[in-house]
Amino acid sequence: MEGSVANTQQGMQEFPTRKAIAVCGCGNDGRLGLGSCDSQNRITLIPFFLGGTNSTDTTNSNNNEKKNNHDGNMPGIIQTLRVGGYHNFVITTTGVYGWGLNENGQLGLGRGTAASVLQPTRINFFDEHPVIDISCGAYHTFAWTVDGLFACGKNDEGQLGLSTDSDYMEFTMVLNATQINKNKKEEEEEEEKKKTTINKTTGESLGECRLIKRAQLTHLSCGTHHTLLAFRDVEITAEEEETEIEKETEYEKERRRQHFPLLILATGKGDFGELGYDGDTWSILQAKAKRMQSALQVEIQQHHQQKGLENNTVSDYPELIEKKWKPLKQRRAAFSSTRFQPVRLPMIVEPSVIPSSVYPLEIISLHAMHLHSSVVFRDTSPGKDNTYLDINTGRMRTFHWGCYYCNQVEDEASSIPREEEEKSGVSLHAGNETIFRYPMNSTSSSKVEVMGSGILGLGEEDSFETTWVSLPLPHQVEDLPVRTIDGREHYLILLGNRMVLGFGDNMHGQLALDDSFDVVLSPTTVIQVGDKVKCPPLPYSSSTSTSHTNNTSTNTSSDTLWTVESICDMACGLRHSVFVVEVRPST
Numbered sequence: 001m002e003g004s005v006a007n008t009q010q011g012m013q014e015f016p017t018r019k020a021i022a023v024c025g026c027g028n029d030g031r032l033g034l035g036s037c038d039s040q041n042r043i044t045l046i047p048f049f050l051g052g053t054n055s056t057d058t059t060n061s062n063n064n065e066k067k068n069n070h071d072g073n074m075p076g077i078i079q080t081l082r083v084g085g086y087h088n089f090v091i092t093t094t095g096v097y098g099w100g101l102n103e104n105g106q107l108g109l110g111r112g113t114a115a116s117v118l119q120p121t122r123i124n125f126f127d128e129h130p131v132i133d134i135s136c137g138a139y140h141t142f143a144w145t146v147d148g149l150f151a152c153g154k155n156d157e158g159q160l161g162l163s164t165d166s167d168y169m170e171f172t173m174v175l176n177a178t179q180i181n182k183n184k185k186e187e188e189e190e191e192e193k194k195k196t197t198i199n200k201t202t203g204e205s206l207g208e209c210r211l212i213k214r215a216q217l218t219h220l221s222c223g224t225h226h227t228l229l230a231f232r233d234v235e236i237t238a239e240e241e242e243t244e245i246e247k248e249t250e251y252e253k254e255r256r257r258q259h260f261p262l263l264i265l266a267t268g269k270g271d272f273g274e275l276g277y278d279g280d281t282w283s284i285l286q287a288k289a290k291r292m293q294s295a296l297q298v299e300i301q302q303h304h305q306q307k308g309l310e311n312n313t314v315s316d317y318p319e320l321i322e323k324k325w326k327p328l329k330q331r332r333a334a335f336s337s338t339r340f341q342p343v344r345l346p347m348i349v350e351p352s353v354i355p356s357s358v359y360p361l362e363i364i365s366l367h368a369m370h371l372h373s374s375v376v377f378r379d380t381s382p383g384k385d386n387t388y389l390d391i392n393t394g395r396m397r398t399f400h401w402g403c404y405y406c407n408q409v410e411d412e413a414s415s416i417p418r419e420e421e422e423k424s425g426v427s428l429h430a431g432n433e434t435i436f437r438y439p440m441n442s443t444s445s446s447k448v449e450v451m452g453s454g455i456l457g458l459g460e461e462d463s464f465e466t467t468w469v470s471l472p473l474p475h476q477v478e479d480l481p482v483r484t485i486d487g488r489e490h491y492l493i494l495l496g497n498r499m500v501l502g503f504g505d506n507m508h509g510q511l512a513l514d515d516s517f518d519v520v521l522s523p524t525t526v527i528q529v530g531d532k533v534k535c536p537p538l539p540y541s542s543s544t545s546t547s548h549t550n551n552t553s554t555n556t557s558s559d560t561l562w563t564v565e566s567i568c569d570m571a572c573g574l575r576h577s578v579f580v581v582e583v584r585p586s587t
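Using full-length UniProt numbering, count along the sequence shown one by one with no gaps and you end on 587.
No lab work stands behind these hints: they were computed from the structure.
Hints are not guaranteed to be accurate.
Ranges of calculated distance between the beta carbons of each label pair, as one might list FRET restraints [claimed, not checked]: (1) P382 x T113: 51 to 61 angstroms; (2) P346 x T467: 21 to 31 angstroms; (3) T524 x D379: 31 to 41 angstroms; (4) R257 x P16: 50 to 60 angstroms; (5) L521 x V353: 46 to 56 angstroms; (6) E422 x T164: 38 to 48 angstroms; (7) D411 x V469: 22 to 32 angstroms; (8) L211 x G459: 45 to 55 angstroms; (9) E478 x S586: 24 to 34 angstroms; (10) I354 x D515: 57 to 67 angstroms; (11) P16 x D379: 41 to 51 angstroms.
These numbers were taken from a predicted model, which means no experiment stands behind them.
Glycine included, each C-beta is placed from N, C-alpha and C at the ideal position.
Can you make the complete structure from the sequences, with help from the hints?
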């Protein structure tokens, strides 16, 4: 027996843990990265990030990796995962890889490229522009690089902050390096000052943030159809400076510049108040006309399908034009913003000469979600409320704005940031008519609270909670901290580095349960340490896409099994789930 244990330990040492990407759920558009459009209701490793092979033979792993990687470069060690509605990015030590839907250019591959990318593909843009971070919306992507802030994908709601509402098929500059990376070397800053407001790579003009002369970007977050940016030490120049005479002195120019220790900007769709500001009359009228046109087009397409007609113009259907296009309930005016504008946070919207290093507020996190937004500040100013939770040298204050949930009608006040005063030091996550609250930076608590309507994880399909209620979690996870919650129609809860719970929509297997579970009503284990997960060969064969009842179901003969040793991160697409895991070949 002792000899057997010793042999097992020796075997495990021969196969050290490796970081990998695991997926499940809907495979449409190649969003699972497995080489096909098949869905998976069982956790499956993407073989590409294990060296392009499902073999546990490590002696030839490098050769296999080079052989199966299209550009001949090794994928490198996984560092960061970013997931959009239908597309994905992974940042590694050697580059950036993307896969999934690219119909609107959200992968930034350029015109003439495939609308769907079925396997992880190296994004060459980042070979010339070293990446700092990436954030993904439903159909759009932002890339923070050392050379500036770039965006690509759908811009129909202004979510890119660029001038036209057409799709941007390749990464296009929104802000240059001086505008977002203030602490670059002085000579680099001077060189950036000489640049015009034209992106010389694509020929497109910069976004509507040209009045930012110098700043340091600190946070970037994309919601479903909107985008948030957070800055510190921002220098803004009045718009009329562009028309001033050339002989104006630097002193006169400096007088018109305003300094903001902190600033949060938003752009995109703002129907529910998720931008943190309201639209002007023109933007509201534009949005209304766009929605009416879109609704008419949908009606016409449906009419064509029902009657079997060829495409005709809107004027051929007067009964559709006369139809009353009204929302189901009275609510705030729909609008979209095509340029970044300040969120109406009272404590940071006023200029100040105080540098951010001594300013009493610091932005800890920024989160753009579905119809909702939130920010967490560390406040070091003297406070009267002793119930605030002290973390490090200040108290955490959470503000959020957007959808009210619980079927409440959004009014003008929904765009005004409101503080979560009942509990301090909390993180929020919002899905479709659902919002969660959980302690941030907790090391020993797994308490989660939920509010809203629909599937809330309370054991029923049609819950309705207008106040915070505790989400019932399995008793064995009570000592595991909640690291993050994600999802819109299905929800994942990462507990420490050991377990992911999930509930909600499982129509496509996004919760790693078989086809008999269309919905999951209570938090259920999706993946945990010790699970055996399969890795198919590459290229992936559709013959291996079979139904399984749990994570330890029978594999096909060509699959290999790997044991989950740690769960590093996870994220939800609209109908798929992605995990960063450390795995070891099963022996």
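Status of the hints after comparison with the structure:
1. P382 x T113: 51 to 61 angstroms: holds, 56 angstroms
2. P346 x T467: 21 to 31 angstroms: holds, 26 angstroms
3. T524 x D379: 31 to 41 angstroms: holds, 38 angstroms
4. R257 x P16: 50 to 60 angstroms: holds, 54 angstroms
5. L521 x V353: 46 to 56 angstroms: About 55 angstroms separates the Cβ atoms of L521 and V353, which means 46 to 56 angstroms holds.
6. E422 x T164: 38 to 48 angstroms: holds, 43 angstroms
7. D411 x V469: 22 to 32 angstroms: holds, 25 angstroms
8. L211 x G459: 45 to 55 angstroms: holds, 52 angstroms
9. E478 x S586: 24 to 34 angstroms: Distance hint for E478, S586 holds at roughly 29 angstroms.
10. I354 x D515: 57 to 67 angstroms: holds, 59 angstroms
11. P16 x D379: 41 to 51 angstroms: holds, 44 angstroms
In this structure, none of the earlier numbered hints is contradicted; all agree with it.
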